[in-house]
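*Asks:* Take these sequences, add in the hints, and give me the full structure.
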Amino acid sequence: MHELAISQEVVELACRRARGARIRRIVLCIGRLSAVLPDAVQFCFNQCTEGTAADGAVLDIVEPPGLAECRACGRAVLLEKPYGVCACGSSDLDWFAGVDLTIQSVEVV
Amino acid sequence: MCETCGCSDDSQAVLTDLESGAVLPLQDVAAATDHDLARGPDGTLVHAHHSGRIIRMEQELLAKNRLLAARNRGWLAARNVLALNLLSSPGAGKTTLLERTIRDLGGELAISIIEGDQATLHDARRIQATGCKVVQVNTGAGCHLDADMTGRSLRLLNPRMDSIVVIENVGNRDDGGHGRRGQAGEVPACLSRKRSYDPQQGRPPSLRSIRRRSMFGICSTDEPSPPGHSNLGYAG
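Just so you know, the protein sequences line up as chains A and B, in that order.
Using the working numbering, you'd call the opening residue of the first sequence number 1 and step up by one each time.
Using the working numbering, you'd call the opening residue of the second sequence number 1 and step up by one each time.
Hint data in this document are derived by calculation from the structure and do not stem from the laboratory.
Treat the hints with care, since some could be wrong.
Stated by the list, open to error - Here are some, though not all, of the chain A residues that point toward chain B, as calculated from beta-carbon distances under 8 Å:
(1) VAL10
(2) ARG17
(3) ALA18
(4) ARG24
(5) VAL106
(6) GLU107
(7) VAL109
Beta carbons: idealized from backbone N, C-alpha and C, even for Gly.
*Replies:* Okay, structure coming up:
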């Protein structure tokens with residue numbers, strides 16, 4: 001449900017940064033632990049670009065995996081979803097990567 | 001040289017045949033690819049295969065929210081107010097838990113409540129009936145409370161010094177976590193009794209969106225705990 005607002009923010013920030021130039025591509029980073037659905041952002045994106053400098057632009061989404069440190073045993077745990085269990089059985093995990101929600105770059109004509 | 005990847009028109013690429021030792025220049029091959037360079041409007045060299053200018057942004061989308069959340073944390077710390085974010089799926093029993101907590105502890109602790117719902121004042125009225133100070137935020141088409149809504153609610157609520165504020169967030173499983181509104185701790189509640197426990201709607205909250213250390217998991221005794229979690233895990 002929050003993906004529409006995120007898409008709007010992406011388009012707004014990208015257009016502001018492009019300073020009137022026509023935008024051809026936006027590269028967005030959505031970490032796997034960000035609780036944001038890339039498909040939904042992609043779906044909303046086209047609606048949000050209508051009539052803006054990003055109309056017709058492509059949205060490239062990169063999805064870095066999540067990384068956490070197990071608070072019980074200290075092992076690094078790779079997470080593809082915002083939940084998971086360490087090999088030691090603990091689910092008390094301290095996330096340190098994959099929470100990103102960042103516009104990486106904008107390609108303008 | 002291209003500022004995106006370091007490629008260059010005069011890369012002097014060569015192909016070597018290790019048997020004969022012959023070295024063939026590859027300029028013609030490189031020129032035939034779309035990997036040549038163009039000059040962007042600001043004079044920087046860019047990939048022709050991008051055929052546009054790449055602007056690096058590295059801009060965090062939630063930066064503004066993070067700033068506001070930090071401001072909320074400062075506001076709360078200055079008043080020595082402990083703020084807890086109560087979150088769980090719809091129908092899990094957040095309001096019921098609050099009513100009971102206020103009734104049992106209201107005499108000992110100063111508690112006030114920020115009620116979050118998409119619509120209606122129903123939950124705020126239930127809290128008000130306990131005699132507790134409460135403000136209601138209706139998020140409308142949005143789902144959860146963000147740092148700005150929380151900040152404005154806090155100022156309206158104006159909790160007294162050395163007290164506890166509980167933010168009853170909009171029932172949702174995924175949006176609540178990450179300390180995004182500046183609270184000190186998170187309380188995922190799971191009190192559903194069988195009658196209100198709809199497997200589609202009122203699933204026990206998976207604790208997946210929670211990652212802060214200062215968190216208390218509250219689960220009912222008539223429901224199994226979410227996998228991997230004890231009934232009272234994560235204290236402090």
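*Asks:* None of the hints should be skipped; say for each whether it holds.
*Replies:* Verification of the hints:
1. VAL10: holds, 7 Å
2. ARG17: holds, 6 Å
3. ALA18: holds, 7 Å
4. ARG24: holds, 5 Å
5. VAL106: holds, 5 Å
6. GLU107: Check passed: Cβ of A/GLU107 comes within 4 Å of chain B, closer than 8 Å.
7. VAL109: Status holds, d = 5 Å.
In the structure shown, no violation is registered for any of the earlier numbered hints.
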